[in-house]
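Hey, can you piece these two chains together into the complex? The hints should help.
Chains as they are written, first to last, in this note's numbering: chain A, 10 to 344; chain B, 18 to 577.
What the hints contain is simulated information worked out from the structure, not anything from laboratory work. Quick reminder that beta carbons are idealized off the backbone N, C-alpha and C, glycines included. Treat each hint with caution, since some may be false.
Distance windows between CB atoms, simulated [stated by the list, open to error]:
{"id": "1", "chain 1": "B", "residue 1": "Met86", "chain 2": "A", "residue 2": "Ser282", "range": "50 to 58 Å"}
{"id": "2", "chain 1": "B", "residue 1": "Val207", "chain 2": "A", "residue 2": "Phe13", "range": "30 to 38 Å"}
{"id": "3", "chain 1": "A", "residue 1": "Ala29", "chain 2": "B", "residue 2": "Val207", "range": "46 to 54 Å"}
{"id": "4", "chain 1": "B", "residue 1": "Val344", "chain 2": "A", "residue 2": "Phe32", "range": "22 to 30 Å"}
{"id": "5", "chain 1": "A", "residue 1": "Phe16", "chain 2": "B", "residue 2": "His181", "range": "37 to 45 Å"}
{"id": "6", "chain 1": "A", "residue 1": "Val39", "chain 2": "B", "residue 2": "Ala97", "range": "37 to 45 Å"}
{"id": "7", "chain 1": "A", "residue 1": "Gly264", "chain 2": "B", "residue 2": "Lys140", "range": "33 to 41 Å"}
{"id": "8", "chain 1": "B", "residue 1": "Trp374", "chain 2": "A", "residue 2": "Phe16", "range": "33 to 41 Å"}
{"id": "9", "chain 1": "A", "residue 1": "Gln297", "chain 2": "B", "residue 2": "Ala341", "range": "21 to 29 Å"}
{"id": "10", "chain 1": "B", "residue 1": "Gly46", "chain 2": "A", "residue 2": "Ser42", "range": "49 to 57 Å"}
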Amino acid sequence: MWSFPLFPEQASTLASKVDALYFFLIAISVFFSILIAALVLTLAIKYRRRSEDEKPVPIHGSLLLELTWTLIPAGIVLVLFVWSAEVYFSAVRVPKNAIEITAVGKRWMWKVQHMTGKREINELHVPVGVPVKVTLTSEDVIHSFFIPAFRVKKDAVPGRYNTMWFEATKIGKYHLFCAEYCGTKHSGMIGTVYVMEPDAYQAWLGGEQAGASLASVGEKLFTDLACITCHRGDSGARGPDLAGLFGKPVKLANGETVTADESYLRESIVTPSAKIVEGYQPIMPTFQGLLSEEQLLQLVAYIQTMKAEVKDEAGAAAPAPAVGAPAAAPSPGAR
Amino acid sequence: MQTEVVKGNEEAVPGNGLDRENYINAKHGIWSWLLTTDHKRIAILYLVSITLMFFMGGAFAAGVRLELMTPKGDLVDSDAYNKLFTMHGIVMVFFFLIPSIPAVLGNFLLPIMIGAKDLAFPKINLLSWYFYIVGVAVFLVACLFGGVETGWTFYTPYSTAFSHTNVILAALGIFIAGFSSILTGLNFIVTIHKMRAPGLTWFRLPLFVWAHYATSLIQILGTPVVAVTILMVAVERLLKLGLFDPALGGDPILFQHLFWFYSHPAVYIMILPGMGVMSELITAFTRKRVFGYEFIAISSLAIAVVGFLVWGHHMFVSGQSTYAGMVFSALSFLVAIPSAVKVFNWSATLYKGSVSWESPMMYAIGFIGLFTIGGLTGLFLAAMGLDIHMHDTYFVVAHFHYIMVGGAIFAYLGGIHFWWPKITGRLYPEYWARVAAVLVFAGFNLTFFPQFVVGYLGMPRRYHAYPEEFQVLNVLSTAGASLLGIAYLIPMVYLTWSLFAGKKAPANPWGAKGLEWTIQSPPTTFNFDHQPVVTEEAYAYAEGHDTSHDAAPPAAPVRA
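Chain B extracted, bound-state conformation (with noise of 0.2 Å):
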C-alpha cells in the first residue's frame, strides 16, 4: 500500500495537522518535552522509554534462550544465567508490561476520548513519569553494579538472607515506579468521573475507557501493597528485623501472601487494558458495534474484583491450608467466566461485520487466539490436583507468556498500529507490518508452545542446565525466540521510518468511530477547539459510518 510519496499531494490530506500547529510543534527544545504537562506529549516520553526497556529485557531474554540450547550450561555460568532471567522478569513486568498500554495509549487517548483538554491533574502525569525514569535509574544503577538473582519474585529468605546481588537498589528501583503507576491510575480515575463530555454517559464510554476504568482501580489498591513488600524485604535485609526470617520468629510464605496479593492482580494491569484495544479494533475493523457492550464493560470490572481473591493459586505446595487451597482455586476458576465472556463476544462482534484485515486487526485476531490458549491453560493451574505437578514447571512459563506476549503485547503492537498515524500523523507500510505481525505470531508460538511440553514432562523453571531429554524442545523454543526477536525489529524499522517518510494521514484513516478520530492527525495541544458533545453510543456505526477517508473536519462532535 506504502509507495514513495509524493510531494505534491502531501497538502491534499485533510485532517492532517502535521503542516498546521499541532502537539508535536507547538513547542521546540528539549525541555519542551521534559516540562511538558500535555497528556500527549508525555504518552510519546513513555513511549520512548519503554521501548528502551523492552529490547533490554528482550536482550536478557536472547541471553536465556541462548544459554538453554544446550542442556549444560555453558554459554555462562549460573550466576549470569540467574542474573539473565531475574532482569528479564524485572525488566519486563514492572517497566514494560505494566506501564506499557496505560502509559501510552491511556495517557494518549482516554482524555480524547471523553472528550477532554487533558488529564484531571497534568502535572501529576508529568511527575509520574519522572518517577517511572527514577525508578528505571535506580534499577539501571543495580544491573550496573553487577544485577541481581533473586529471580523476579524476590522470594524469601533467599532475598533477604542469602542473595549476595544488588537486592535493595533493584527493590528501591520497583517501589519507586510503583508511585508512576498508582498516580497514573489515579489520575485516570479522576478524569473518567469529572471531565466526560457532555452526553457522553457512562454506559456510551468507548470499552477501552472502561478497561482504564478497572486496571486503574487494581493499580490504586494493589501497588501500595507490593511497595510495602518489597520495602519490608529492603528492610529486613539491612536490619535483620526477622519479618520473613524463620530463625528470628518471622514467616516466609508471608512474603508470598504480600507479594501475590499484588503481583497476581498486576496480570490483569497487563491484561485489562489490552482487552480495553481489542474492542477498539474489532469494532474499527467491522464497522461495526460491539456485540454485548455491557457484558464486556462489567467484565472488566469483575476481572478486577475476582482477580484480588486468588493470590493463593500461587502457593498450591507451599504448604497453605487445603481448605484456603480450595477457596483460591474456586476464586480462580471464576476468572475464567469474564474472560470468556470477552471473547465469545469479540468473536459474535465479527458476525456480519464488514471485517477488513488490516494490520492492526491480525494482531487483534492473534490475540483473540493466543489468550483463549492462555486463558485455557490458566485452568490447568487452577486445578489444584494438576498444580501440584504442574508449578513452577515451564508449563507456567508457557501459560503466562501466552497472557504476557500473546495478549497484552499482542493488543499493544495493535494499538500503536492503529492509533500510529493518530499519534504521529504519517502511515506506515502496511505490507511490513502485516509481514511483521505474522512473523510475531509465528515466533511467539514456536517459542511457547514447546514449554508446554517440556513443562509436563517435568523442566523446572529457572534451570541453568537440564537433563538431556529435554533438549529438542528447549532447541524449538530457542528458535522460535530467534524468529521472534527479529520479528519485533521490523516494526521498529518501518515505523521509525515512517516517521520521516511516512504518507500523511488523514483524520480517520481508518474510517473507524470515536471522538479521537474527529480531530487531526496529529492533534493539537488542547485536542479540541471546541468542547465535544456526544450524542450516541460508542461505535454507533449503524446509521451509516463514514464512506469517505477524509472523515469529519476537527473539533466536530461525533456523527448523529
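Isolated chain A, as found in the complex (with noise of 0.2 Å):
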C-alpha cells in the first residue's frame, strides 16, 4: 500500500514531448530556487546583526545587475514561449489520417460514439498506434475530458465542439477524468480509456452491438426530418445544397466568408439565423431543443459524407473499415 506513482504514465505521443518541457522547467526552477534560497541565507547569515551600532554600507544598486537579472529571465522565457507553443501546436493539430470518435459530456457522464455507430458510455476504447481525433461537446453544463496518461485535455462546452487528439503508444487501461467542475458528481464522472491493439479494436468495433454507422443514422434522421425538402441541392431549392459542402469556404450574406467546419454546421442547426449564407433567406427553423447533442453529431457526420458522396466512391471519409450499414437503424434517440 506504500508504493505509489510519483509520476504519471506516458502512454501517448505527446506524453514524452510534454514531460520534456516539464522535466526542463524543473530544472530551471529547481536552480533558481536553489540560487536564491541560497543567496538569502548565506547573506542573511553572513551579515548578520552582530553589534547594535554596525552601519550597513550603503549600496543604492547597479545598472549592470539590473540588467542582468531582467535580460536573463527574459531570454529563459523566450525559449520557454517558444517550445511550449511548440508543443502546444503539436496538441492541436490533428493528423489527416486520424480516425473520429465523438464524446458528449453529459451530467454525470462521457457519451462515446464511434464513427461505426458503436456507443459505450464512461468507457472509451482506442487502438494503438493509430490516431484519435474526439469531437467534444456537452448537453449541460462545461466539462472537461482529460486522460492524464496521454497528457491531453479539451473542455466540452455546450453549444459548441471542441476537438483533441492522441496517438496511444501502450496497450493498456487508463484513467478518464472530467476535470471542469460540473457539480454534485463531478468526480464520479470518470471512466476508463483501453487501449487496445488495432484487430482486437476493429473486433470490439464490430461486436454485436455495432449498429449503423454515425453517418447512416444521421442520413435517417436527415430524412425523417425533411431537410431534403429545403436542401435539396438544385437550383431552385430553398436551402444551400449540401454535398461537398463540408470543409469548404462559405460566403455568408453579410459579407463575410466562414469555413463549414462541424461547429459552423452544428451552429446552423440549431440557431440557423446566426450565419445566413449569400443568396438564402433567414427562413429555416430552428432544431434547438429538438435534437440531442448525439444526434446533432449523427446529422454532421452524415453531411460530412455528403461530400464523399459526389466526389468519390462512398466511404472514403472513413479510413477503418466502413461497417455495412445493416438496415435495422437502432433509435437515434440520445436519452
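Pasting the structure below:
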C-alpha cells in the first residue's frame, strides 16, 4: 500500500513531448530556487547583526546587475514560450489520417460514439498507434475531457464543438477524468480508456452491439426531419446545397466568409439565423431542443459524408473499414 | 525576550503613548468605533472582521482536507464537499485576501507614511468598511440558507442554469463588497497624489506606498468588471436573458473572459501589497537602503499593467483560438520578469547589511523562498503545451496557494508582527512569534508541496472522491494542513495576550526608518502634532541609524 506513483504513465506520442518540457522547467525551477535560497540564507547569516551599532554599507543599486537579472529571465521565458507553443501546436493539430470519435458530456457521464455507430458510456476504446480525433461537446454544463496518461485535456462546452487528438502508444487501461467542475458527482464523472491492438479494436467495434454507422443514422435523421425538402441540391432549392460543403469556405449574406466545419454545421442546425448564406432567405426553423447533442453529431457526420458521395466513392471519409450499415437502424434517440 | 511585565518601569518607555492620549483612548464607546472616520480605527475594524473571515475560510478548508484523507468521499456527501471548497474560496479570496493588507495595514500606515493626518476621504473610508460588512453579512445569509456550490469561479452555465444553491445571494455579497475595494483604491490614489508631506517626492515614497498605488489602480479598473459580471450571472439566473446560455444564443465562454479579466489581476491585488510589505521588512531588518529602489517601484506598476493582459491563460483548453492563446502565454511569461526583478533586488539588499532574524524578518525570508517557488511554477502553467495537462489539476491548486498563502499571507503576518507595536503600543513575545513562523512555514510546505506531485499525476481539482493511488500524497497534505491550522492559532493567542500584558513598545522598537516610526506608539488621532517635512529618500539608513531604541520624539521630521 505504500507504493504509490510519483509520476504519471506515458502512453501517448504527446506525453514524452510534454514531459520533456516539464523536466526542463523543473531543472530551471530547482536551479533558481536553490540559487535564491542559497543567496538569501548565505547573505542573511554572513551579514547577521553582530552589534546594535553596526552601520551597513550603503549600496543604491547597480544598473549592470538590474540588466543581468532582467535579461537572463527574459531569455529563458522566450525559450519557454517558443518551446511550449510548439508542444501546444502538436497537441492541437489533428493529423489527417486520424479516426474520429465523438464524446458528449452529460452530468455525470461521458457518452462516446464511434463512427461505426458503436457506443459506450464512461469507457473509451481506442487502437494503439493510430491517431484518434475526439469531437467534444456537452448537453448541459462545461465538462473537460482529461486523460492524464496521454497528457491531453479539452473542455466540452455546450453549444460548440471542441476537438482534441492523441495517439496511444501503450496497450493498457488509463484514467479518464472530468476536469471541469460540473456539480454534485463531478468526481464520479470518470471512466476508463482501453488502449487495444488495432485488430482487437476492430473486433470490438464489430461486436454484437454495433449498429448502423454514425453517418447512416444521420442520413435517416436527415430524411425523417425532411431536411431534404429545402436542401435538395438543385438551383431552385430554398436552402443551400450540402453536398461537398464540408471543409469549404462559405460566403455569408453579411459579406463574411466562414469555413464549413463541424461547429458551423451544428450552429446552422441549432441557430440557423446566426449565419445566413449569401443568396438565401433566413427561413430555416431552429432545431434547438428538438435534437440531442448525439443526434446533432450524427447529422454533422452525415453531412460530412455527403461530400464523399458527390466527389468520390462512398466510404472514403472513414479510414476504418466501414461496417456494412444494416437496414435496421437503432433508435437515434440519445437519452 | 518577553518576560513578566514589571509595573514599575512601564512609565519609562519613551515614545509609548498608551498612557497619553492616543487614537485608541481618544474616544470611548461602541459608536466611537462604528462611526469613526479615523483611518487607524477603521483599520482595526477591518483587522477584526477579516480575522474572523480568515478563520471561517480556514474552517471550510479544514473540512476539505479532512474529507480528502480517504479516497472515498465518506466524511461528508458530495454536495456538502462542493459547498466547502466553494465557500473556502469565496471567503478567502473576496473577504480575506483582497482586503487583507490594503484595508488593514494600508489603511493604518499609508497616511502616516506620507505624513498626512488621514486619508483624503475619511467618511468614504468608513463607508468602504460598511460595504465590506454588508457584503459579508449577505454572504453569511447565503451560507445560513445552505451555502453555495458553484466553485468560487461561478462558471456558467453551471451557475446560471444548473446550480440549486444560493448563487444570487452569494454573488450579491461579493458585488457589495466590491464597492469597498473600489472606494479604498480611490481613496489611496487621491491620498498619495494630494497629501504627501512637503519634500516627499514620488521617488522618496516608501515602496509600501508604491505597491499600494499599483494595487489601487487595479482595484479601480478591475473591480467594476467583476461586479458587472456577477450581476450578469444573477440577472441571467433570474430572467433567463441568454447572456451565457448557448440554448438562448449566449456564450458560456464569454463569462470566463469577463471573470478572469478581473480575477487574474485580482491575484496582483493580493500579492502587490505583500511585495510592498516585503520591501519595508527587508530594509528595516537589514538597516539598509533597498537595492534598486526605482526598479522595485516601477516593477509594481509593470506587474499591474501587464497583469491586465494575461487573463486568457486560464482558458488554454476552453477552445480559445490558438493564436489568442499564444499572445496570452507570451504576456503571462512577461509577468515573470518584474517579479524576478523584485526577488533579486530584495536578495541583494541583504548584501553587506545588518541582518537581524526577528520574527517579521523570518516571514520575509519565508516569503522570498515560497514566492520564488510560486512564481516559477506559474511558468509551468503559462507554458501552453504543459498547461493542457496541468489545467484544473492540483498543480494549479498548489501553485496559487504558494502565491496566496506563501506570498500574500506570509507578507500579511510579517507586516502584522512588524507594525503590531505601532498599532497597539505593545510588544508581543518574540520567542512564540518565531515558533509560529517556523511552524507556519513547515505546515504550509507539507500541505502544498505534495499537491504539485499529485497534480502532475493527474488528480483534478474539486474532486470529492479520487483514485486510491493518490491517497498517500493527500494524507501528507492533510497532515500539513493540520500543522498549519495549529500554527495559525498561535499568533492569535500571543497577540491577543500582548494587548493586555505585553511590554509597552517604544516609538521605534526595530530602529527602522520611515515616518511611522517617528511618532508615538500607538499614534494620536491626527498622527502628527506638526506637519513633518521630508528631507531624504526612503530607507536612508546609511548616514547612521538610530542606535538607541527610544527613537525620536513624537512629531519630529525624519532625521536628516
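Worksheet item: Between B:Gly46 and A:Ser42, does the beta-carbon spacing fit 49 to 57 Å?
Response: Given a distance of about 52 Å, which is inside 49 to 57 Å, the answer is holds.
Discussion item. Taking the Cβ atom of B:Val207 and the Cβ atom of A:Phe13, is their distance within the range 30 to 38 Å?
Written reply: violated, 56 Å
Item to complete: Check the following: the C-beta atoms of A:Gln297 and B:Ala341 are separated by a distance inside 21 to 29 Å.
Response: Taking Cβ atoms as reference, A:Gln297 and B:Ala341 lie about 28 Å apart, which means the hint holds.
Discussion item. Within 37 to 45 Å: is that where the Cβ-Cβ distance between A:Val39 and B:Ala97 falls?
Written reply: At roughly 39 Å between Cβ atoms, B:Ala97 and A:Val39 fall inside 37 to 45 Å, so the hint holds.
Practice prompt. Can you let me know if the beta-carbon spacing of B:Met86 and A:Ser282 is within 50 to 58 Å?
Written response: holds, 53 Å
Item to complete: With 33 to 41 Å as the target window, see if B:Trp374 and A:Phe16 comply at their CB atoms.
Response: holds, 38 Å
Discussion item. Taking 46 to 54 Å as the stated bounds, is the beta-carbon spacing between A:Ala29 and B:Val207 within them?
Written reply: For A:Ala29 and B:Val207 the Cβ distance comes to about 52 Å; the hint holds.
Worksheet item: For the pair B:Val344 and A:Phe32, does the Cβ-Cβ distance stay inside 22 to 30 Å?
Response: With a Cβ separation near 26 Å, B:Val344 and A:Phe32 satisfy 22 to 30 Å, so the hint holds.
Worksheet entry | Cβ separation of A:Phe16 and B:His181, checked against the hinted range 37 to 45 Å | holds, 40 Å
Worksheet item: Per the hint of 33 to 41 Å, is the separation of the Cβ atoms of A:Gly264 and B:Lys140 within bounds?
Response: Check failed, 55 Å falls outside 33 to 41 Å.
Hint compliance for this structure: hints 2, 7 are broken, all remaining hints hold.
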